[in-house]
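Taken in sequence, the protein lines are chains A and B.
The opening residue of the first sequence carries number 1 in this note's numbering; numbering runs sequentially from there.
The opening residue of the second sequence carries number 1 in this note's numbering; numbering runs sequentially from there.
Be careful, since some hints might not be right.
[What the hints assert, rightly or not] In silico DSS-like links for lysine-lysine, alpha-carbon gap of 30 Å or less:
1. Lys55/B - Lys214/B
2. Lys296/B - Lys372/A
3. Lys155/B - Lys61/B
4. Lys372/A - Lys278/B
5. Lys75/B - Lys57/B
6. Lys412/B - Lys265/A
7. Lys134/A - Lys10/A
8. Lys278/B - Lys134/A
9. Lys255/A - Lys10/A
10. Lys62/B - Lys207/B
11. Lys276/A - Lys311/B
12. Lys296/B - Lys350/A
13. Lys276/A - Lys296/B
14. Lys255/A - Lys325/A
15. Lys172/A - Lys289/B
16. Lys155/B - Lys18/A
17. Lys15/B - Lys47/B
18. Lys157/B - Lys249/B
19. Lys37/A - Lys23/A
20. Lys134/A - Lys296/B
21. Lys176/A - Lys289/B
22. Lys408/B - Lys265/A
23. Lys407/B - Lys197/B
24. Lys10/A - Lys311/B
25. Lys75/B - Lys8/B
26. Lys61/B - Lys124/B
27. Lys249/B - Lys197/B
28. Lys10/A - Lys320/B
29. Lys325/A - Lys311/B
30. Lys155/B - Lys408/B
31. Lys289/B - Lys173/A
32. Lys186/A - Lys100/A
33. Lys207/B - Lys372/A
34. Lys249/B - Lys412/B
35. Lys289/B - Lys350/A
Hints in this document: simulated from the structure, not taken from any laboratory.
Bear in mind the structure is a predicted one, so any value in this text is a computation, not a measurement.
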Amino acid sequence: MNFDFSDDQKLLRDQARKFLTDKCDRTVVRSILEDNKKNHSDNLWDEICSMGWTGTAIPEEYGGLGLGMLELCVIAEELGRSLAPTPFSSSIYLFAEFIKLYGTEDQKKKYLPKIASGEAIGSFALSEGNGTPKPHNLTSTFSDGKLNGVKAPVNDGDASDFIIVAANTDTKKNNKSLSLFIVDTKQDGVNSEFLETIDPTRPSSRIILENAEAELLGNIGDGWEIIERIFDRAAVLFAFEQVGGAQVALDEAKKYSLERYAFGKQIGSFQALKHKMADMYVKIELAKSNAYYGAWALSSDSNELPVAAAGARVSAIDAYHFASKENIQIHGGVGFTWEYDCHLFYRRAKQLALNIGSVRQWKENLISNLEKRNIV
Amino acid sequence: MDFNDNPKEAEFRTKVRKFLDANAQRRGEIVKTPTTAGAPESVNGEKAAHDALMKAKEWQKKKAEAGLAAIMWPKEFGGYGGSPIEQVIYQQEEHNYFVHSGYFEIGIGMLGPTMMVWGKDEDKKKYLPKMLTGEEIWCQLFSEPAAGSDLAGIKMKAEKDGSDWILNGQKVWTSGAHLSDYGMIVARSDPNAVKHKGLTYFFLDMKTPGIEVKPIKQISGTAHFNEVFFNDVRIPDSQRLGEEGEGWKVALTTLMNERLAVGDPPGLDFDQIFDLTKEVEIEDGPAIKNSEVRQKIADWYVQSRGLQYTKYRSITALSKGQTPGPELSISKLVTASKMQDVSSYALDLLDMHGYVIDDKNPAMNNLFQNGLFFSTALRIAGGTDEVLRNIIAERVLGLPQDERMDKKVPFKDLPTGRG
Chain A
1 MNFDFSDDQK
11 LLRDQARKFL
21 TDKCDRTVVR
31 SILEDNKKNH
41 SDNLWDEICS
51 MGWTGTAIPE
61 EYGGLGLGML
71 ELCVIAEELG
81 RSLAPTPFSS
91 SIYLFAEFIK
101 LYGTEDQKKK
111 YLPKIASGEA
121 IGSFALSEGN
131 GTPKPHNLTS
141 TFSDGKLNGV
151 KAPVNDGDAS
161 DFIIVAANTD
171 TKKNNKSLSL
181 FIVDTKQDGV
191 NSEFLETIDP
201 TRPSSRIILE
211 NAEAELLGNI
221 GDGWEIIERI
231 FDRAAVLFAF
241 EQVGGAQVAL
251 DEAKKYSLER
261 YAFGKQIGSF
271 QALKHKMADM
281 YVKIELAKSN
291 AYYGAWALSS
301 DSNELPVAAA
311 GARVSAIDAY
321 HFASKENIQI
331 HGGVGFTWEY
341 DCHLFYRRAK
351 QLALNIGSVR
361 QWKENLISNL
371 EKRNIV
Chain B
1 MDFNDNPKEA
11 EFRTKVRKFL
21 DANAQRRGEI
31 VKTPTTAGAP
41 ESVNGEKAAH
51 DALMKAKEWQ
61 KKKAEAGLAA
71 IMWPKEFGGY
81 GGSPIEQVIY
91 QQEEHNYFVH
101 SGYFEIGIGM
111 LGPTMMVWGK
121 DEDKKKYLPK
131 MLTGEEIWCQ
141 LFSEPAAGSD
151 LAGIKMKAEK
161 DGSDWILNGQ
171 KVWTSGAHLS
181 DYGMIVARSD
191 PNAVKHKGLT
201 YFFLDMKTPG
211 IEVKPIKQIS
221 GTAHFNEVFF
231 NDVRIPDSQR
241 LGEEGEGWKV
251 ALTTLMNERL
261 AVGDPPGLDF
271 DQIFDLTKEV
281 EIEDGPAIKN
291 SEVRQKIADW
301 YVQSRGLQYT
311 KYRSITALSK
321 GQTPGPELSI
331 SKLVTASKMQ
341 DVSSYALDLL
351 DMHGYVIDDK
361 NPAMNNLFQN
371 GLFFSTALRI
381 AGGTDEVLRN
391 IIAERVLGLP
401 QDERMDKKVP
411 FKDLPTGRG
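Please model the entire structure based on the sequences and the hints provided.
This is the structure:
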């Protein structure tokens with residue numbers, strides 16, 4: 001048994017951590033937090049692209065490095081730790097994976113090299129408003145070669161050159177009525193408006209499509225099935241971001257509890273706080289182990305992936321939510337000031353808990369996949 | 001990242017499987033009865049208890065003949081001379097078979113290794129082989145009525161009388177004392193010294209005059225543990241392990257081995273409640289179709305598998321030659337509360353009939369009714385939830401230790417309250 005990353009992958013982790021410590025300190029994160037017209041840190045994004053991270057899991061023939069998904073998991077954890085304000089996840093975990101797995105040869109040649117080099121940014125648009133997005137309640141449509149609808153929120157939508165949009169192609173709406181389309185944002189029929197969100201460091205937009213030109217991705221009617229598969233893959237990568245963020249929230253809670261004195265001693269010596277931090281540690285360890293299992297399933301193309309991904313996501317959402325809220329609690333009064341960084345983790349934890357579907361949905365996915373597995 | 005053994009591990013696993021296939025029956029289904037660490041139940045009638053013990057001894061003897069009775073013991077005492085990873089592999093494999101065990105873990109896992117470190121050569125030769133074959137059972141006499149989590153607070157008096165020691169006092173929570181031939185004990189030899197300094201460690205024959213064993217009936221109605229009373233129990237100084245006043249050091253050797261000795265957690269987990277939700281009907285049909293039920297059990301799935309994969313990560317660390325750290329403390333902490341929550345929720349699903357311990361038509365063999373009680377013991381035995389959180393906070397996270405009132409004061413001057 002070798003349930004661990006390889007030495008090479010650990011080396012990559014060390015390099016990535018050092019790089020992000022240098023290039024993505026909290027002033028970089030705050031520069032996006034405090035400027036709501038800014039998509040992401042251009043400097044940081046350029047540096048990340050020139051390191052080749054964007055091409056990690058894209059095959060060499062399409063301009064990538066041709067490494068595997070495990071390497072991408074390693075990078076994801078570091079991005080999560082540093083709260084990196086970049087469109088990495090939208091462009092790589094989502095857009096690139098859609099094209100890599102479901103694009104035609106022409107589409108792969110057209111999009112992947114640009115995504116791998118960072119020349120273009122991609123994202124994915126599903127939700128249209130409050131409530132759980134499902135084919136039957138989506139109103140975006142594609143007919144006569146034109147795409148119409150309003151999508152919100154689209155994470156990194158404003159920064160995107162290309163967006164994959166889910167729209168119904170059949171008036172009878174069901175799981176076979178949804179299809180996916182690639183939209184070039186540089187056309188009159190596509191407009192974007194910034195949305196105010198709980199986590200401005202990961203900006204989102206409303207994307208308005210009016211008779212937009214679009215090209216089909218995958219087969220007509222396969223949209224929902226494709227989304228489920230891509231979300232399973234992305235859930236593992238996001239879980240690593242969440243575990244990374246949760247770990248730093250715990251580290252910072254611990255650090256503060258050792259610096260702050262009350263009643264004549266370090267507050268970190270009080271059992272109420274020690275036990276709270278022990279509970280944070282336990283949840284993070286469980287989430288990390290579930291994420292490792294997800295990484296294994298993802299990298300080995302195992303049919304365990306739906307269960308492993310849901311397990312990783314449910315566990316990671318729980319760990320990050322708990323670690324980020326208790327980090328504020330341990331900081332006391334300063335914990336809810338703008339000045340201290342606790343809120344950055346609290347915001348990101350919730351953004352990541354919702355971005356590809358809430359924990360409710362993923363628990364449901366988990367149990368229904370376990371039921372299917374039992375029948376097989 | 002993969003789940004395969006390396007060639008040496010695979011070879012060992014094949015060997016173990018071959019032995020088990022030839023000598024034991026493989027489990028065909030999910031385990032529906034919780035197993036317990038330490039000695040098995042003793043109130044199901046004396047004959048049943050005696051039969052189970054005899055079967056366990058028989059099985060232990062077979063393992064010993066195959067050289068597999070104590071994977072990590074050196075060959076000179078009949079062990080396999082294996083590594084921690086081989087120990088884990090053996091446990092994993094044996095878990096898949098119906099075998100009677102639970103009597104020898106404390107001896108082989110904790111007390112034997114203590115004697116190897118601190119015992120005289122003639123004692124090792126005399127006692128270790130029979131401990132290994134299961135001919136003789138050993139128990140660990142540590143906890144006392146006023147010293148549980150705070151183990152070094154024990155009061156059992158050890159007074160020197162010529163070349164003998166006289167023991168007076170009481171031990172409690174002693175697993176398997178009623179079945180044991182020998183025991184290892186920590187006692188206070190110097191009440192004027194500070195708490196951790198005045199202790200001395202001995203081994204003794206449980207038939208020594210003056211020892212009285214009384215089983216403790218637990219809230220589950222069963223009795224795994226005992227009270228053991230010592231009334232002028234005379235033992236020779238040759239049965240001392242370690243120096244006079246150094247008993248705490250010896251006790252730490254015993255306790256350090258506890259982590260590796262503890263096997264898989266008992267079988268009351270996600271899989272069992274998942275099965276139940278398919279069997280039981282609630283207000284709107286089978287429980288598994290109800291979305292609140294689905295949301296609820298999903299949490300237990302991720303806890304259960306999270307622990308399993310954490311174990312895989314530990315095994316990986318072991319196979320790379322690292323020693324398991326206090327990280328493993330999370331296992332019992334999570335398992336015990338999960339069992340309590342799962343049991344309680346399962347009874348809610350059974351609804352009004354949930355409190356019935358049914359002989360005629362039990363839901364899953366009354367597993368959850370038993371779990372409701374057994375989990376309370378699991379949250380306390382072998383380190384309470386609170387002690388485990390302290391261990392994680394202090395040893396893993398490096399947070400400050402609690403301020404200690406007992407470090408510099410002679411033991412006899414420490415406040416004890418009503419204890």
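Quick rundown of the hints versus the structure:
Pair hint lysine 55/B plus lysine 214/B holds up; C-alpha atoms about 24 Å apart against a cutoff of 30 Å. Distance check on the hinted pair: lysine 296/B and lysine 372/A sit about 18 Å apart at the alpha-carbon level, within 30 Å; holds. A distance of roughly 37 Å separates the Cα atoms of lysine 155/B and lysine 61/B; the hinted pair therefore is violated under the 30 Å criterion. A C-alpha spacing of about 13 Å is found between lysine 372/A and lysine 278/B, which places the hinted pair at or below 30 Å, so the restraint holds.
The suggested pairing of lysine 75/B with lysine 57/B holds, with an alpha-carbon distance near 21 Å, which does not exceed 30 Å. Distance hint between lysine 412/B and lysine 265/A is fulfilled; the C-alpha atoms sit about 29 Å from each other, no more than 30 Å. In summary, the hint linking lysine 134/A to lysine 10/A is not supported, as the alpha carbons are separated by about 39 Å, beyond the 30 Å threshold. Of the pairs offered as hints, the one joining lysine 278/B and lysine 134/A holds, with about 27 Å between alpha carbons and a cut-off of 30 Å not exceeded.
Taking the CA atoms of lysine 255/A and lysine 10/A, the gap is about 25 Å. The hint holds against a cut of 30 Å. Restraint check for lysine 62/B and lysine 207/B: satisfied, since their Cα atoms lie roughly 27 Å apart, inside the 30 Å limit. A C-alpha spacing of about 23 Å is found between lysine 276/A and lysine 311/B, which places the hinted pair at or below 30 Å, so the restraint holds. Straight-line distance between C-alpha atoms of lysine 296/B and lysine 350/A comes to about 20 Å, which keeps the hinted pair within the 30 Å bound.
A C-alpha spacing of about 23 Å is found between lysine 276/A and lysine 296/B, which places the hinted pair at or below 30 Å, so the restraint holds. Proximity of lysine 255/A to lysine 325/A is assessed by CA-CA distance (about 16 Å); at most 30 Å being required, the pair is judged to hold. Using a Cα cut-off of 30 Å, the hinted pair lysine 172/A and lysine 289/B holds, with the two alpha carbons roughly 27 Å apart. For the given pair, lysine 155/B sits about 54 Å from lysine 18/A by alpha-carbon distance, which is inconsistent with the 30 Å threshold.
For the hint pairing lysine 15/B with lysine 47/B, the CA-to-CA distance comes to about 35 Å; that exceeds 30 Å, so the pair is violated. Proposed proximity of lysine 157/B and lysine 249/B is supported: the alpha carbons are some 18 Å apart, at most 30 Å. Distance check on the hinted pair: lysine 37/A and lysine 23/A sit about 21 Å apart at the alpha-carbon level, within 30 Å; holds. Distance restraint check for lysine 134/A and lysine 296/B: the Cα-Cα separation of roughly 23 Å lies within the 30 Å cut-off, and the hinted pair is therefore satisfied.
Distance restraint check for lysine 176/A and lysine 289/B: the Cα-Cα separation of roughly 24 Å lies within the 30 Å cut-off, and the hinted pair is therefore satisfied. Proposed proximity of lysine 408/B and lysine 265/A is supported: the alpha carbons are some 20 Å apart, at most 30 Å. As the CA atoms of lysine 407/B and lysine 197/B are separated by approximately 10 Å, the hinted pair is consistent with the 30 Å bound. Annotation: proposed proximity of lysine 10/A to lysine 311/B holds, straight-line Cα distance about 20 Å (limit 30 Å).
Under the criterion of a C-alpha separation no larger than 30 Å, the hint pairing lysine 75/B with lysine 8/B is consistent with the structure, at around 18 Å. At most 30 Å may separate the alpha-carbon atoms for a hinted pair to count; lysine 61/B and lysine 124/B meet this at roughly 19 Å. Note on lysine 249/B and lysine 197/B: the hinted pairing holds, with a Cα-Cα distance of about 9 Å set against a maximum of 30 Å. Proposed proximity of lysine 10/A and lysine 320/B is supported: the alpha carbons are some 15 Å apart, at most 30 Å.
For a cut-off of 30 Å, the pair hint linking lysine 325/A to lysine 311/B stands: about 28 Å separates their Cα positions. Restraint check: the Cα-Cα separation between lysine 155/B and lysine 408/B comes to about 17 Å, which is no more than 30 Å; the hinted pair holds. Straight-line distance between C-alpha atoms of lysine 289/B and lysine 173/A comes to about 24 Å, which keeps the hinted pair within the 30 Å bound. Taking the CA atoms of lysine 186/A and lysine 100/A, the gap is about 22 Å. The hint holds against a cut of 30 Å.
The suggested pairing of lysine 207/B with lysine 372/A is violated, with an alpha-carbon distance near 58 Å, which exceeds 30 Å. Between lysine 249/B and lysine 412/B, the direct Cα distance comes to roughly 20 Å. Compliance with the 30 Å bound is thereby established for this hinted pair. This hinted pair checks out: lysine 289/B and lysine 350/A have alpha carbons roughly 28 Å apart, not beyond 30 Å.
Hints 3, 7, 16, 17, 33 from the list above are not met by this structure, while the remaining hints are.
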